[in-house]
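From first to last, the protein sequence lines are chains A and B.
Sequential numbering from 1 applies to the first sequence in UniProt numbering.
Sequential numbering from 1 applies to the second sequence in UniProt numbering.
FYI, nobody ran anything at the bench for these hints, they're computed from the structure.
Incorrect hints may appear among the rest.
Pairs of lysine to aspartate or glutamate residues, derived as EDC-like cross-links and limited to a Cα-Cα distance of at most 20 Å, are as follows [stated by the list, open to error]:
{"no.": "1", "chain 1": "A", "residue 1": "LYS132", "chain 2": "B", "residue 2": "GLU187"}
{"no.": "2", "chain 1": "A", "residue 1": "LYS132", "chain 2": "B", "residue 2": "ASP214"}
{"no.": "3", "chain 1": "A", "residue 1": "LYS99", "chain 2": "A", "residue 2": "ASP153"}
{"no.": "4", "chain 1": "A", "residue 1": "LYS132", "chain 2": "B", "residue 2": "GLU195"}
{"no.": "5", "chain 1": "B", "residue 1": "LYS142", "chain 2": "B", "residue 2": "GLU126"}
{"no.": "6", "chain 1": "A", "residue 1": "LYS132", "chain 2": "B", "residue 2": "ASP191"}
{"no.": "7", "chain 1": "A", "residue 1": "LYS168", "chain 2": "A", "residue 2": "ASP107"}
Sample of chain A residues facing chain B (criterion: CB under 7 Å; computed from the structure) [what the hints assert, rightly or not]:
{"no.": "8", "residue": "LEU122"}
{"no.": "9", "residue": "ARG126"}
{"no.": "10", "residue": "THR129"}
{"no.": "11", "residue": "GLU151"}
{"no.": "12", "residue": "LEU154"}
Now the in silico label distances, taken between C-beta atoms and shown as ranges [to be verified]:
{"no.": "13", "chain 1": "B", "residue 1": "ARG76", "chain 2": "A", "residue 2": "THR165", "range": "40 to 46 Å"}
{"no.": "14", "chain 1": "B", "residue 1": "PRO22", "chain 2": "A", "residue 2": "HIS133", "range": "43 to 49 Å"}
{"no.": "15", "chain 1": "A", "residue 1": "GLN112", "chain 2": "B", "residue 2": "VAL59", "range": "31 to 37 Å"}
{"no.": "16", "chain 1": "A", "residue 1": "GLY14", "chain 2": "B", "residue 2": "GLY97", "range": "49 to 55 Å"}
{"no.": "17", "chain 1": "B", "residue 1": "ARG164", "chain 2": "A", "residue 2": "ASP26", "range": "40 to 46 Å"}
{"no.": "18", "chain 1": "A", "residue 1": "GLN23", "chain 2": "B", "residue 2": "ASP138", "range": "37 to 43 Å"}
{"no.": "19", "chain 1": "B", "residue 1": "ALA129", "chain 2": "A", "residue 2": "ALA159", "range": "40 to 46 Å"}
{"no.": "20", "chain 1": "B", "residue 1": "GLY137", "chain 2": "A", "residue 2": "ALA44", "range": "55 to 61 Å"}
{"no.": "21", "chain 1": "B", "residue 1": "ARG164", "chain 2": "A", "residue 2": "THR165", "range": "45 to 51 Å"}
{"no.": "22", "chain 1": "B", "residue 1": "ASP141", "chain 2": "A", "residue 2": "ALA162", "range": "44 to 50 Å"}
{"no.": "23", "chain 1": "B", "residue 1": "HIS205", "chain 2": "A", "residue 2": "ASP26", "range": "33 to 39 Å"}
Note that CB positions come from ideal geometry on N, CA and C, so glycine has one too.
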Amino acid sequence: MDTSPALLGLIAEGPTYGYDLKQRYDRVFAGRRIAFGQIYAALARMIRDGLIVALGEEAGAGPARKRYEVTAEGRRHLEDWLRTPDVPSPALASNLFAKTVLALMLDDNADQLLDVQRAAHLARMRELTTLKHSAPLLERLAIDHALFQIEADLRWIDATSARLTDMKKELSADG
Amino acid sequence: MADLATTAPLIRATGLRKSFGPTEALRGIDLDIDRGEVVAVMGPSGSGKSTLIHCLAGVLTPDAGDVTINGTELGRLDADARARLRLKEIGFVFQFGQLLPDLTAVDNVALPLLMGGASRRAARAESYAWLERLGLGDQGDKFPGQMSGGQAQRVAIARALATRPTVLFADEPTGSLDSVAAESVLETMLDVVREARTTVLLITHDPRTAAYADREVIVRDGRLSGSALVGRS
Ligand SMILES: Nc1ncnc2c1ncn2[C@@H]1O[C@H](COP(=O)(O)OP(=O)(O)OP(=O)(O)O)[C@@H](O)[C@H]1O
Ligand SMILES: [Mg+2]
Chain A
1 MDTSPALLGL IAEGPTYGYD LKQRYDRVFA GRRIAFGQIY AALARMIRDG
51 LIVALGEEAG AGPARKRYEV TAEGRRHLED WLRTPDVPSP ALASNLFAKT
101 VLALMLDDNA DQLLDVQRAA HLARMRELTT LKHSAPLLER LAIDHALFQI
151 EADLRWIDAT SARLTDMKKE LSADG
Chain B
1 MADLATTAPL IRATGLRKSF GPTEALRGID LDIDRGEVVA VMGPSGSGKS
51 TLIHCLAGVL TPDAGDVTIN GTELGRLDAD ARARLRLKEI GFVFQFGQLL
101 PDLTAVDNVA LPLLMGGASR RAARAESYAW LERLGLGDQG DKFPGQMSGG
151 QAQRVAIARA LATRPTVLFA DEPTGSLDSV AAESVLETML DVVREARTTV
201 LLITHDPRTA AYADREVIVR DGRLSGSALV GRS
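Use the sequences and the hints to build the structure in full.
In structure tokens, the structure reads:
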């Protein structure tokens, strides 16, 4: 997840102190805890880029004690970010794709490789589902998002494992 | 020293085979299920999931292999004894269409209790309590045709649980619901079964549904595969 625009969004909701920002971030984006260091780095960058300003700076006050407010430029930036769709992350599928193809080419057990990945995904879904059971609504939504993404991977795994025999034929025809 | 009664699995299937004409639906299945476990049964369409749970529940007789439930070997029972065991130990929930349309929700739930010999008054009181637990306290006098799909599935689950079965077999119980309704039905169902320590076999295509189980077994071409095998080897 993009940390900076997410922080910018929280600041746009109302001027906020660095310390509160971290608390709100951890609560709203449940399960994606962020270190203070990351927050300060992001705040410094956004000040440099004119997206936010630090208010009523007391001399020597650390970033946790400063209040931050969004600028007009920051609001435009945030709106752009909100309206731009994201590219789905292809990293996992492409790794698994490479492993599957190699396993087929090397006459290794591709079916088993997919089964292991499927089991790992299901185990992760089980963990998240257990967490979700007692979570407040906002957190449930965040967990749901993670669950749906894992589910998409699983569908790909199922579709692939149903076609392994055909893939194998095609690969040996190529070679 | 291990006590056999407490360490033996609640359900044990060994070498199950079942064919329909030329179709080999089950080709040798070994499976142990412990008391209180919630197990998801997954696998492609036509792989043998429904056939498997029908054999485990004694609805179908396997061509080969044995099923033992709670110490009773199903193959040794005659048809009457098997029917009695089903009534007493086993609950079933299907995808849809299992409620009697001419009976109210509460009378649908009361039906198996009446068949088990309860008085009408006791059966209705018990049935209202089950509907209440499944979040339908005020819906008991509705007919199935007046309920949403999610509500009807809750009634079906209440009916399956009302006899306090040892095992609940659920074949795609939320397969006809959208994901939010399915989630709410599943959460309620699992709260109730976990509290009662009911053992559950839950057939599903949906990994989100399977994620409510303690573990999954995957049926492929009439055999168990996937994580069950990988975990064991
Ligand atoms: N009563 C029957 N008569 C003939 N063939 C049957 C019968 N029941 C099941 N089969 C066959 O046995 C195989 C396994 O069927 P089964 O219903 O167990 O699959 P399933 O895994 O439950 O599939 P689905 O996910 O579609 O419900 C299939 O090839 C099916 O056509
Ligand atoms: Mg089926």
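How the hints compare with the structure:
no.: 1; hint: A:LYS132 x B:GLU187; verdict: 10 Å, holds
no.: 2; hint: A:LYS132 x B:ASP214; verdict: 15 Å, holds
no.: 3; hint: A:LYS99 x A:ASP153; verdict: 15 Å, holds
no.: 4; hint: A:LYS132 x B:GLU195; verdict: 18 Å, holds
no.: 5; hint: B:LYS142 x B:GLU126; verdict: 17 Å, holds
no.: 6; hint: A:LYS132 x B:ASP191; verdict: 14 Å, holds
no.: 7; hint: A:LYS168 x A:ASP107; verdict: 9 Å, holds
no.: 8; hint: LEU122; verdict: 6 Å, holds
no.: 9; hint: ARG126; verdict: 5 Å, holds
no.: 10; hint: THR129; verdict: 4 Å, holds
no.: 11; hint: GLU151; verdict: 5 Å, holds
no.: 12; hint: LEU154; verdict: 5 Å, holds
no.: 13; hint: B:ARG76 x A:THR165: 40 to 46 Å; verdict: 41 Å, holds
no.: 14; hint: B:PRO22 x A:HIS133: 43 to 49 Å; verdict: 45 Å, holds
no.: 15; hint: A:GLN112 x B:VAL59: 31 to 37 Å; verdict: 33 Å, holds
no.: 16; hint: A:GLY14 x B:GLY97: 49 to 55 Å; verdict: 53 Å, holds
no.: 17; hint: B:ARG164 x A:ASP26: 40 to 46 Å; verdict: 44 Å, holds
no.: 18; hint: A:GLN23 x B:ASP138: 37 to 43 Å; verdict: 40 Å, holds
no.: 19; hint: B:ALA129 x A:ALA159: 40 to 46 Å; verdict: 45 Å, holds
no.: 20; hint: B:GLY137 x A:ALA44: 55 to 61 Å; verdict: 56 Å, holds
no.: 21; hint: B:ARG164 x A:THR165: 45 to 51 Å; verdict: 46 Å, holds
no.: 22; hint: B:ASP141 x A:ALA162: 44 to 50 Å; verdict: 47 Å, holds
no.: 23; hint: B:HIS205 x A:ASP26: 33 to 39 Å; verdict: 35 Å, holds
In summary, the structure agrees with every hint in the numbered list given earlier.
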